Structure formats: structure tokens, C-alpha cells
Amino acid sequence: MKAPEHEADERLLIEAAQRDPKRFAGLYERNFDRVYGYVARRVGDRDVAQDLTAEVFHHALASITRFEWRGVPFAAWLMRIAANAISDRWQRLRREHGNPVPEEPAYISLDDVEMRARLYQLVRCLPAEQRRVLLARFVEQKSIREIAEDLRKSEGAIKQLQFRALTNLRERMSEFDA
Amino acid sequence: MPKQNRIAELDRAIDALLARRAAPGRAARAASGAGGVAALAKLAAALREMPREDFRRRLQSELERSATMAATSAHAVTPQRPEATRTSATPALSFINAAAAIEFYKRAFGATENFRLTEPGGKLGHAEIRIGEAQIFLADEYPEYGFRSAETIGATPVKLNLSVPDVDAFVRRAVAEGARLIRPPKDEFYGERSGEIKDPFGYSWLVSTPIEHVTIEEVERRFNAFFEKPSAAADAAPHVNFIREGFHTVTPYLAVIEAEKLYDFVQQAFAAKGSYGGVGSAGGFHGEYRIGDSMLMIGGGLNFKGPEKIGALHLYLPDVDATYERALAAGATSLSPPADRPYGNREAGVRDASGNHWYIGRHIGEEFNPEGWPTVQPCLHPLRAEPVIRFLVNAFGAEELRRHATPQGVVQHAVIRIGTSTIEIGEAHGPYQPLPAMFYLYVPDADAAYTRALAAGATSVHEPADQPYGDRTAAVTDAFGNTWYVGTHIRDVHG
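Order-wise, the sequence lines are chains A and B.
Numbered by this note's numbering, the letters in the first sequence go through residues -3 to 174 in order.
Numbered by this note's numbering, the letters in the second sequence go through residues 5 to 499 in order.
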């Protein structure tokens, strides 16, 4: 599943965090994108995904002393917490609304999760202007014209930045694939 | 396509995605494949849920705050101890193809998949599903770590107990999707309605629904009641032995198309006494013959649809040579002429016209049968003896009496006992190859024996049912091609 040295690293990080919860940051850094990618892929909504991701890591931090190394990757443990959190959320919604909330398919391929984890990580590494355009467009849901006004650029320039940002991401993703 | 056009096309695809007018796949297809716009639109679809810029750092600060507080309070208030945790046990099941198992559990058990971790090579390293609240781990088998599937092992020593809201509905759906019904749901003394199924991957599931609240004391009382002496009412019922008068535990049952020829043969060759004329369950004749102290069932006839069931039978008789000559005169062919054998027997062998093997033997000494074995002993010639013996032990409570094996491990001769009968086993060699035999087995409780046989790996032919001839009988086939009728004699039928 993983290279052994990676596994050994991870084990050290887990043991450190178990001795001192302040050392949890290392595990968080390593797994944030994957957990967020998984949750986002399943719930398909940013606000819900952020809430659930926060819940997962708070829960993981509180229970880190209970994690036992059995050769299953730490990410699997986090994903199980995430899957349970998602499932609890659906059940709560169903109870509160009294009628069935359509449940999304639970099957998510790991490739899909890794793809997203990598993608969200790469966004953070884009040149500032390209990143700003993507955030404005996808997170703040602004139109090209609004972004153009905010950044004092032409609409054409914004569209071009958007295109360049995605092309950049695409290229770096394929480096990763290779 | 000029770059300018691609820029505009990508923007239109993103507009559609953001307005949720298009599913990601559709947006990607709508964008023409040319110039890679489709691939870009696919990435854009995943960007719709990307986190806010400050979210990752904010969550990290929150966690650091919690960690500091936890560390402080832990040191200040109590020595550091793990939090109270609810102990749970989760089965981790192994499969030849875990992905197929997940699909089956979804269809048959209404499972939901939490996630799966697939290795780059496609092997499923770990997956988790839920059936209701129950959590199950699954993975492809890793023989190198001793993680082998029930399919590979050929059995499972552990049954999984699943408590569900409606056991009948659950079992019905599971069976409709391909699970095997081992025991249909029924109300049990411990306050549950419970049944058992086996999934196509070899795992056994006890499925139950609580039906009444029973205290432990009451469960114990009811349990102990099973072992108490039968009540006066039960005593009043006419007592019948579960083995029909004149029979042993195991009766060989030969079913051949030329049944009438076989009737003549056993009468002429072995002085068998009996009659035929009854109609068997498969629509053919049913005859019962006695040779010495043993019974033999012979069925079939021209209306018999088959497949034929033939066997190898060891006869212990006083005069080997004369019996051998009579058998040849009655139409048999010789397998081996009479000869003294190093194990202390004089033995001969013949094959009748239907293909049954008859081994005729007597002990060389004053008594022709010093061990007091029944006159007719069935013989099995499996490719390997071990799994057959294991099956007979598990399914029918057989007991291994002896075993002779070569230093290489070839089992030349083993004797096992089931109830009042013995069966001989010699691994296949030369003309002694596996035959598709059939047996009628008398047991104290046909239902229980049927369940045990299925659990030991047999396949059901028919469930236990009361028969007009006074037995309650079920039938199974084992993995080696033998058919076993398991019957309990429940009333005497005269006339």
C-alpha cells in the first residue's frame, strides 16, 4: 500500500502525537488534503466538507491515544472517522427532516480522492494572481466581470488567467500521474 | 483550435458547472476534446468544492489550541489515561475478490460502503462497509501474511452474528441475491427469531431479530429443559427407534437404470433376500435386499432419469471362492481373483454389469469376520482420504477407527465408524477410482444432521420432509460426488 519508509515515518509521527498532542500538526499536514478531498468528493458541498473535515481532525486529535498501529495506514483510520461522520450526518438529516434525504453513492475510488488531494495542494502553489482568480471564481462564485473589476483587469485577461491556472494544474497533475 | 477559442470555451464550461447546470462528466464532454479543454473542465469540476483559502490554516490553529488545552488539562487534573472507549470487535474478512464481495453485500445485505483503499496494482488492501450499524472490514487475501479467504481454506470456523430489524425479510433478500439458506428463520428459546445463511464467499451468517425479552435465568431454564427427561405426554407417544427395524446407520443405495438386472445379480451372486416394487422418490423402482446382517437399497429402472449412483461394497462372507464363482456366473467381470492378502484376509473382487464394485473377503482364521463388522461395508475411493474423513466427522459425527498410510502419505486403508456402521476408505489407484455413490443414513435428528452436513460443506438436494414410508428425510451431496439421504425413522408403516 505504501513504501515502508513512509510507513515508518508515519509511525514516528503517530507515536510523537500520542505522547504530546501538540505534535499532532505533522499528521494534520500530511493528511489534510486527503481527508478534505475524500469528504468533499462525498458530500459535494464546500461548507459541509469544511465542517466535516474539522470534525474529523478534532475527533482524531481527541482519540489519537486510542489509535493502535496494526499496519493499516493512518489515512484509513481518518477516512473511517470521516465516513462515520458523514453517515451520522445523513442520519441526523433524515431524522430532522422526517423524509429520506437522498444518499450519495458511498463508493469513491481512492484515485479520485488522491487526485483531489493533489489538486487542492497544487492550487496553493499556483502563482498568486492565478490562485486569486480560481478562489474568486470557484469559492466566492464571482462572475468574470466582478473579478475583473476587483482586480482592475479586463475580462479577457481574467479568462486568460483562469485558463492558464487550469492548464498549469493540469500539467502538474500529469507530472504526478507519471 | 485557436487559443482564444479554447479560453472562451473553458469559461463557458465553468459557467455551466458553477450554475450546477451540468454534471462534471457532461460539462467535460460538452467542452470539445480538442486542445484539452475537456480535461481542464474536469479539473474545474473538482475545484468547485475546494476549501476556502484560510480554512486549512484556521483549522490547524484550532487544533493547536485544543491540543494545548488537552495537554494542560491532562497534566493539571489527572494523570494521562486513555479516554473511556467502547470496546468493539470488527470482523476483518478476506476474499479472493473483495470488490465482488462488497457488491454482493450491498445487494444482498443492504450494506453501504464507507471507503476502500486499492493498491496501484488493483489489489484491494482494505475496505470498510456497514450493514446497519455493524462495521465490517474487507480485503483481498494476502497469503504471504497468512490472511487467507474462506474460499481458499474451504471452510470458516467463525460464524458472524448479525442482528437485524426483520430477519425474515433480510434472509429472503439475501437468498434471492445468491446466499445459500442453511437454516430458515425460526423462533428460538433465547428470545430471538434466528436463521442462518452462507454467502457465496464461504462465510456463514447467523441472522436474528429479537422477539421477546428473556432474562438470562429464563434462557438457562429453557436450555436445561431440553436435557430433562421427556414429559409424561412424550412418554405416551409410541416410541420408535430412529433406525428402522433391520437397518444399520448406513445403508448403501445403488440407483441404476438396469435395476432389475441388479436385483437378479445380488440374489444369484450373494443370496440376497428381498423385494422390489416400491416406487422411489425419483420415480423409479425402489427395492430393499438383505445380505447377511446388512441391508442394501437398489433403485432405478428404465424410467429412472439418473444420474446413476454406483458404489464399491465390501462383503464379509464365509466362502470367498464360491461367492466369487457365483458372481462371475451371474454376469460379473473379475477385478481380482481370490487370493490371500498380507493383511490377513482372503479377498476377491468383481464388477457387475452396472459398474458396482464388490469386494468379497473373509478373515483367514476360524472366524470369517472377527471384528464383527457388518456383512456389507461401503468403500470409498476418493482421490484424497483426508477431506472425506474430515467431512464425515464434521457432518455425521464419524469416528476414525484406523488408518494405514504409506510413508509418502497415501492412505491405503482407513476405517471410520458412523453410528452402528463402518465405512472403508482407500485412496484411488488403478481400477479403484471414485464412484458417485449414494447412502441412506439413519440419524437421531434428520433436521440437525442436515444442518450439520450443510455447515460441513455439503449442498442441499432437498430439505427435511416427512416421507410416506415413515421417515423424515433430507438429502445432501458432498463435495466428492456422493449423495447422502439423512433420515430419522419417526413411525412404523405397515402393509
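Keep in mind that the hints are not guaranteed to be accurate.
What the hints assert, rightly or not - Okay, derived cross-link-like pairs now, DMTMM-like style, lysine to aspartate or glutamate, Cα gap no bigger than 20 Å in a straight line:
no., chain 1, residue 1, chain 2, residue 2
1, A, K138, B, D19
2, B, K46, A, D108
3, A, K149, A, E167
4, B, K46, A, D5
As the list claims (entries may be wrong) - Over 10 Å on every C-beta distance to chain A, these chain B residues come out as not near it, computed from the model:
no., residue
5, P6
6, F59
7, E132
8, F205
9, A229
10, F231
11, Q272
12, R294
13, R350
Since the hints were made in silico from the structure, they are not lab data.
Given the structure is predicted, the values throughout are model-derived calculations rather than measurements.
Yeah, the Cβ is synthetic: ideal placement off N, Cα and C, and Gly gets one too.
List of violated hint numbers, smallest to largest: Numbers 3, 4, 6, 7, in rising order.
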